[in-house]
Amino acid sequence: MAPLLAVDDRIVDYLPVLILFLFAIGFAGLNLVVSWLAGSKGKHNPVKDAAYECGLPPITDAHQRFSVKFYLVALLFVLFDIEVVFLYPWAAYFQEPGRQVFLFAEMCVFAGILFFGWWYVVRKGAVDWAKE
Amino acid sequence: MNLHLILPEIVVVAGGMLAVAVDLLAPASRKGRAAPWVAGLALLAATLLVVLGRPEGTSFFGHHRSDAFSRFVRAVATGGGVLLVLISAPYTRRMDRGHGEFYGLLLFALVGVMLVGAVTDLMGLFVCLELLTITSYVLAAFKRTDVRSAEAGLKYLVVGAVSSAFLLFGVATVYGAAGSVEFASLSAHVVGKGFSPLLALGTGMMLVGLFFKVSAVPFHVWAPDVYQGAPTPVTAFLSSVSKSAGFVLLLRVASVLVVPAAGTASGDAWVSFFGVAASLTLLYGNLAAIPQKDVKRLLAYSSIGHAGYMLLGLAALVATADPTVRVDAATAVLVYVFAYYVTTTTAFTVVAVVSAQGKGHRAETAYAGLHRRSPLLAFAMLLALLSLAGVPPMAGLIGKFLVFWSVVGAAQSHPSVVVLGLVGALGVVLSLYYYLLLIREMYAKDPSPEGGPATIRVPAAARVSVAIGIAALVGLGIYWAPVYDVARGAAEALFASR
Amino acid sequence: MTGFLEHIGLMHFLTVGAVLFCAGIVTVLARRNAVGVLIGLELVLNAANLNLVAFDRFGPAPLRGSVFAIFVLAVAAAEAAIALAIVLNVFDSRDEIDVDEVSALKG
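Protein chains in written order, with our numbering: chain W, 1 to 132; chain D, 1 to 498; chain S, 1 to 107.
Each hint can be trusted.
Computed spacing ranges between beta-carbons, pair by pair: (1) D:Ile290 x S:Gly36: 34 to 40 Å; (2) D:Gly194 x W:Glu106: 35 to 41 Å; (3) W:Val73 x D:Val419: 57 to 63 Å; (4) W:Tyr93 x S:Gly36: 38 to 44 Å; (5) D:Ala496 x W:Phe110: 30 to 36 Å.
FYI, nobody ran anything at the bench for these hints, they're computed from the structure.
For each residue, glycine too, the CB sits at the ideal point set by N, CA and C.
Chain W on its own, in the form it takes in the complex:
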């Protein structure tokens, strides 16, 4: 266990990170100070304070409710998307001599079960947006 868990942290090696942090904080702070010094003061009114002073006035709340269909499609996407990840180890292993037939059959079964799921989803009308 000992070599696997050996700690080797020479704190000096983190000096560049510290310098980067200092630069980041200094840059942000400098900008704030300069804009506070150079900016004109005392002209507050609601139009000036709006997020887009010259644009269209914002209407309604940004926190709208989305149709539940978005949620369903997003979920289905995530599920089918993540299954594709299994193709990578399979593809990496496929060159193994003597096992190609088995591996191919294996992936056919896997894809077959996935397609069964897809058929179920379509048949249930989960991706059928026109129908209400």
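Put chains D and S on the given structure of chain W with help from the hints.
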């Protein structure tokens, strides 16, 4: 490749997919007719394949092992699955949709249980257990319009997901500490190098995750709410299948990681770990069951108590230094799991039929004078309660007897286990009290006007499952040698295979 | 700049994993919103995943941990899908996903 070895699993998966497909393609007027038949026949076929085919050997490059242990687990899962389909059929007939999904999910969950006995590494353990738990979340929340079912699903989900996360983190830690995920090399590592702190942490987290699954105290708070809120057939499923899968995994983890350390200082620490959990679970489950008025909640607390007896067997298994006693203890746990499975399924069949009257599960209304309203149901419930209490000649007695016997055996190498035996005996006395209260309600009281019609019509499927239950309860209590022999073979295979 | 990345060893990954794990558990316990609880769970699962991949990279058994991590990803996706569906269902039936308020079952 030995595909024939996993034929039972293939049959059940195909049955689940077929149940979904058949229900989806059926015209609206015939929805829900075929799905229970497809599911029941697939499970029956799988049971026959396991019992008569006696698959033996490894497949998938050593990732799936068919031996006496996995055969026992698969037979319990598929045979018990047939009973669950019989309980569910009257329930799903009253649903207006989702029949195929219900049976599909049930069968996929059962495949998870079947595989749990056959896995040979931590990866398989995690994936199969998740197959079981994730499908269980949906089943617990299946009654979408019922607030209580939705709530049961949410609670089960949050607790179950936390326990899975613990289990997974423990698995990752064990993998890092021992450098391997295969059970065989894990126990070789423990034999050779003992428990490093990291390995102990990982094993502890895995055990905590599994204690959540079997609702051991102090990880039990979800069980009463979920049992009460879930649809009754699903409650039967959770208390039988889900629990037995948890104990199969506890047996596996104990035999792989904990038993090789027996006799050392860390081995003694594990004995206290299991012993404390067992005695707390026993006392809490049986004490908290006493004031319960709702029969489903009562059975939930009683199921926590029964988890305590099975943990008692596990504590004996961990404590003893004698390999024979170890096999005795594992046999006791397996027989207890089987007997509890039969008993609880029978009890929940009765609960399902009674609650179909729509008058709830309260003891003093829905169950008052049950023997006048349906002698068959009252008799089945009586036998189930006596078996839960461990009264001869019921199935529950043999499980309890074997557990106490193994505790006595373990006391020779670890005298403090005797305390656990005494706690167990106290639990038996406590449990008799609240089971007798319910029996008095059914037999000595007059039917309550709020309890529904004067006679209860028992659906044909429920009648079959009640008959099987009664026969098994009495038959197993009197003629238990075959089950004992099979369980002993399974226990020997458990230790031989690691 | 080339030197210091090479000194990042197993312990660093495990520390990040442990921090993620604790953050996840705290989120699960402290959050009252069910979706917040689910986010905490994802943190815990990913902490375990990070550990698996780190042990794989530094440990003696090549590839096991990485393949395991892929399985964990798939399981976590399925769990999240089911979880969101159940939370949505609870929300539909009572306009409330505060886990402390969901308490029709007691006894």
